[in-house]
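Put the two chains together into one complex, using the hints given.
Sequence order for the protein chains is F and R. For what it's worth, my numbering labels the leading residue of the first sequence as 466, then goes sequentially. For what it's worth, my numbering labels the leading residue of the second sequence as 53, then goes sequentially.
If you are wondering where the hints come from, they were derived from the structure by calculation, not from laboratory data. The reader is advised that the hints may include incorrect statements.
Covered stretches of chain F (chain R as the covering partner; in silico rule of three or more C-beta atoms under 8 Å from a C-beta of chain R) [stated by the list, open to error]: (1) 784-790; (2) 862-872.
FRET-style restraints, in silico, Cβ to Cβ [unchecked claim]: (3) F:L856 x R:R137: 52 to 60 Å; (4) R:L135 x F:A853: 28 to 36 Å; (5) R:T136 x F:S838: 42 to 50 Å; (6) R:A177 x F:V820: 40 to 48 Å; (7) R:E139 x F:G845: 31 to 39 Å.
Positions of the beta carbon are idealized from the N, C-alpha and C atoms, including for glycine.
Here's the letter readout for the chains.
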Amino acid sequence: MEIGQTVLLALRALRRNTVRSLLTTLGVVIGVASVISMVAVGEGARARVSGIFSSMGTNMLVVLSGSTSSGGVMGGFGSLPTLTWDDLRAIESEAPAVRWAAPALVTRSSLLSDESNWTTSVIGTTPEYFSIRAWRNARGAAFGPDDLDVASKVIVLGQTVSDRLFGPGVDAVGKTVRLRSMPFQVVGVLQRKGQSPVGSDYDDVALVPVTTFQSKIQGGLQKYIAGAILVSATSADDTARAQREIIAILRERHHVMVEDEDDFSVRNLAEMASAQQQGTRVLTSLLAAIAVVSLLVGGIGIMNIMLVSVTERTREIGLRMAVGARPGHVLSQFLVEAICLAMAGGVIGIVLGSVVARVVASRFELPFAPSTSMGLLAFGFSLAVGVAFGLYPARKAARLDPIEALRYE
Amino acid sequence: MAERATATGMPLIVLEGVTKSYPLGSSRLRVLDDVSLSVNRGEFVAIMGASGSGKSTLMNVLGCLDRPTSGRYLLDGRDVSQLTRAELAGVRNELVGFVFQSFNLLARTSALENVELPLVYAGVARNERLRRARSALERVGLGDRLEHHPSQLSGGQQQRVAIARALVNQPRFLLADEPTGNLDSRTSASIMALFQELHGDGLTIVYVTHEPDVARYASRVITLRDGRIVQDVLQTPLAVGERSELTRVA
Numbered sequence: 466m467e468i469g470q471t472v473l474l475a476l477r478a479l480r481r482n483t484v485r486s487l488l489t490t491l492g493v494v495i496g497v498a499s500v501i502s503m504v505a506v507g508e509g510a511r512a513r514v515s516g517i518f519s520s521m522g523t524n525m526l527v528v529l530s531g532s533t534s535s536g537g538v539m540g541g542f543g544s545l546p547t548l549t550w551d552d553l554r555a556i557e558s559e560a561p562a563v564r565w566a567a568p569a570l571v572t573r574s575s576l577l578s579d580e581s582n583w584t585t586s587v588i589g590t591t592p593e594y595f596s597i598r599a600w601r602n603a604r605g606a607a608f609g610p611d612d613l614d615v616a617s618k619v620i621v622l623g624q625t626v627s628d629r630l631f632g633p634g635v636d637a638v639g640k641t642v643r644l645r646s647m648p649f650q651v652v653g654v655l656q657r658k659g660q661s662p663v664g665s666d667y668d669d670v671a672l673v674p675v676t677t678f679q680s681k682i683q684g685g686l687q688k689y690i691a692g693a694i695l696v697s698a699t700s701a702d703d704t705a706r707a708q709r710e711i712i713a714i715l716r717e718r719h720h721v722m723v724e725d726e727d728d729f730s731v732r733n734l735a736e737m738a739s740a741q742q743q744g745t746r747v748l749t750s751l752l753a754a755i756a757v758v759s760l761l762v763g764g765i766g767i768m769n770i771m772l773v774s775v776t777e778r779t780r781e782i783g784l785r786m787a788v789g790a791r792p793g794h795v796l797s798q799f800l801v802e803a804i805c806l807a808m809a810g811g812v813i814g815i816v817l818g819s820v821v822a823r824v825v826a827s828r829f830e831l832p833f834a835p836s837t838s839m840g841l842l843a844f845g846f847s848l849a850v851g852v853a854f855g856l857y858p859a860r861k862a863a864r865l866d867p868i869e870a871l872r873y874e
Numbered sequence: 053m054a055e056r057a058t059a060t061g062m063p064l065i066v067l068e069g070v071t072k073s074y075p076l077g078s079s080r081l082r083v084l085d086d087v088s089l090s091v092n093r094g095e096f097v098a099i100m101g102a103s104g105s106g107k108s109t110l111m112n113v114l115g116c117l118d119r120p121t122s123g124r125y126l127l128d129g130r131d132v133s134q135l136t137r138a139e140l141a142g143v144r145n146e147l148v149g150f151v152f153q154s155f156n157l158l159a160r161t162s163a164l165e166n167v168e169l170p171l172v173y174a175g176v177a178r179n180e181r182l183r184r185a186r187s188a189l190e191r192v193g194l195g196d197r198l199e200h201h202p203s204q205l206s207g208g209q210q211q212r213v214a215i216a217r218a219l220v221n222q223p224r225f226l227l228a229d230e231p232t233g234n235l236d237s238r239t240s241a242s243i244m245a246l247f248q249e250l251h252g253d254g255l256t257i258v259y260v261t262h263e264p265d266v267a268r269y270a271s272r273v274i275t276l277r278d279g280r281i282v283q284d285v286l287q288t289p290l291a292v293g294e295r296s297e298l299t300r301v302a
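Bound-form chain R, shown alone (with noise of 0.2 Å):
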């Protein structure tokens, strides 16, 4: 895992003109229409975004899981626009951390197990695995739950574990799609804790959210709609604790 050699200051993030269309009918259909974009390193950026809007494809394509039909993505000073289907699980291994709505976590697999499969698939050995799953799952605050199953785990700590996951390779950011869609506000309101005191350990965090109130706890919004940005502005973080929408009742 060579360390790429980007001077302070490169963005880690950068996406020039990139489009991603299907064909429909005669013509094709943009969901993302020559998008450009940088995300530094130690950014707190949050993606909104109606249904529909692209922020899913767009999230796709940060993530390595889509290649874009035309533009470049520099990611870490890599071009990985045009790579095989491998290379790019390999990118994603090393590079991307990823956090999912459903939490996507395997079943009948202790936590321990389950935050080690990035190791896995790195080629790292067992003990060094087990080692580095431990330390992970101690940083999310799950240090006594190593051995349970999901299906022990409440949804706020499954999702921690995914996290865990996420972070196990020490990737150069997290990603997380719809992160807290499945949690009730109390739960969301600690999984968001959770990002900005990894945030303020210096790891970098891109979500996708369509909740404004979500929104609110990162330090940079960009807003899509129909493929294009139309928004992109820095702000003041939530701090969780401070009165905020999603306290109240109903």
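Only chain F is shown next, with the shape it has when bound in the complex (with noise of 0.2 Å):
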């Protein structure tokens, strides 16, 4: 008997029972539905989390003032500056794991354009900023080290500064900005990033050389670094490295003893965004058991039905046994009704679970990643419950006695 004969045969009794076969398959719905949406919740978080490395620069750690226990964020506005320029040279050289380094030093100031003015966060730093942060122009160019010796007063402009300033569209390069009543010439404008995990505005600031800001903004040069140091590592899995290499300088130089806490802290975003996945994480295991116990019931489900079914049909075996069904042909009938239940579920399950995943996707604010791999996945999972929890039922059926099931009332 060909397979697509035995496949029609099956629909055919299950179709007898329509409803009862749509309710023994809800198991293997929800199962799979349950599977689906958590693939794709956790690709939509992983998604997530690699699009926090581009935004922010891949590789980053910062480097704070004050041990992580006094907290702050970037700048450690009334923590006691400990980090130094020469802290800062010594990461830059005698981190093997560490590519760049560039001090931040953070400020609110506002800014006058002809037209307009606006209030942001005013960041002095280096060119290598530009690197760590991976955060390229739309216009015009970064400064350079000349810029960094002169201290001149160039300026590089986020998008939405740019917009408020100068309106949208509008190239700001070459125009001039005021910030604490000087001139400062537009250098560059860059692209935009968008918004933080946070919520905050990635493009609402603006970057001057680090030079300039303590002479001109900050007033004079002092042996602290007044902001955090930013550090991009030389690659994502050298990030650990680093930070420890980091962490190993600073303690000497420091002259911390073994057994105090440092005076710093190293921020591994790696970590922090890892953080976040918590909250998703949570969700995913939780699906994953529901798809667990669900599979597992949805599949004795089928058992239990299917073994309804073959007693049913106990004469119907015995007349098929005898115009010449082989053990084979019974065991096959069966398996394949089972298989046809699980892979019936199955497709509506992958249906459902899609239609789950975007509404959480949406609700969490994750990216929607469906693949075919997903759905193939979910084939994978009905067929093997199909066969697992369809064979006792087919085996128990192949063995009747043609005589006995004849006589069967």
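Right, dumping it as structure tokens:
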């Protein structure tokens, strides 16, 4: 008996009791839908994390004054500065896993153009900053080492600042803004980065050379960096190593005793991003649990119904055997029925799971990433369930004695 | 379906000392006790016996639904006594046509699809199956009922469908278990008439009954009692239409 014939026969048998068949598939539907949602959510979370990476600059570390317990975001307002310029140079040259390092001094200030004004964060830094943050120019260029040497009054604007000061679509390069009553020439406008994971606007920023910042804005060259040091590791895998090297270097330089806490903190953004993932991880684990339990229950449901079906059709089985059905024929007939049940559940589950995944993705603001591998995975699961839980009833049917079966009431 | 090389005159069915027994306590219960018989091609045999005489068991052995505990069964020259379950299924498919008392048709399935069932298990292609099934149904007079489901057919019509199914794979013989047991007297007569017709075309027919009246349609009657053959006689078969016990009211 060809496989096509068997499948048609199976579908016909299932159609005799459509409601019952559909209810039987419920367990598999829920199981597969959970698997699909789980994979989609997982993929979405992963996409978001790598999105974080690409928007912040990969392999980035942030070194702050003050220990971890004193907290503080970039700039460390209020905490005693402990990082020095020599520290920065040491990190740059003595840590093999460090590729770039740049200072970041921040203040809030208003910028004035001819038509408009806008208050934003002004960051004093070095050219390496742009490499660390993987932030390219949309127009113009960043400032260079020469600008640092002479502390020239040049400024690089984020897209939002440029739009606010000069209007959207206007090329701000070459124009002048006033910062703390001083004219700064715009040498570049950065590419749009968008929103940060915490909701702030990456593009609402302006950057000046750090020497200019110190001499013209913050006042006086100091030994200490009143801000953070941004570091980029040589690769994503080296980030942890870079972190260790920086800690070792700074502990030595700051003469921190073995038993004492650091007087600085090194934040690995990958760790911070993975902390964010915890939320989605809980959801994923929950869905995985639901998926496993549902598939199990669904499989048992299929097995149960198939056993009932075999009993109901005992005489029919006897008749089939009498006219020539081999045990193999009977087994494959019922096994295919079970598989059809399971795979119907699989198809419905894939559809349902995709819908749920889309809803979850928009609720948690994750990207929705359906893939054919998800569908194949789901098919594989439902096929496996059909075979595993359909085998026992099918074997029971095949082992019936035709004489007994024909006598069955 | 290779034609078994049997010389004319060699019996189709040969039972040699066939015994079927089951364990009962410390001894064994013999349902069939050392039965030997032979049936030639073209015979029309009725097997008679009271309930418990072993006729059902004999029928099961003849139909290759069951294996004898001891003894030999040669069907069309082939020893089928010790075949495996799967092999027996193949023999049944090729050589035996079954007709049951309760018809045993597949519900919610058309007459055509019921009749083609043995061909499905014989691996015959679809078009050929339908052609042969159609022709079998026409042979039993149901050419206009191909798509009917059993629920839409009378008892007599259902049994005709079952007979068509038994014929469709061109078996060596027809084996019927109380074929008229569930039918009224008029319909029974018409079914027996059909059997006689088929027998007239050369088909070997063996049927089991407990009613002496039904046994009168055959040309040979084998009587069983307590698992043994107690009588094996030839007779002039009753032609349908002749006045017989069956047409007497009450």
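Hint check results:
{"no.": "1", "hint": "784-790", "in the structure": "holds (count 7)"}
{"no.": "2", "hint": "862-872", "in the structure": "holds (count 3)"}
{"no.": "3", "hint": "F:L856 x R:R137: 52 to 60 Å", "in the structure": "19 Å, violated"}
{"no.": "4", "hint": "R:L135 x F:A853: 28 to 36 Å", "in the structure": "32 Å, holds"}
{"no.": "5", "hint": "R:T136 x F:S838: 42 to 50 Å", "in the structure": "45 Å, holds"}
{"no.": "6", "hint": "R:A177 x F:V820: 40 to 48 Å", "in the structure": "43 Å, holds"}
{"no.": "7", "hint": "R:E139 x F:G845: 31 to 39 Å", "in the structure": "37 Å, holds"}
In summary, the structure is inconsistent with hint 3 from the numbered list given earlier, while agreeing with all the others.
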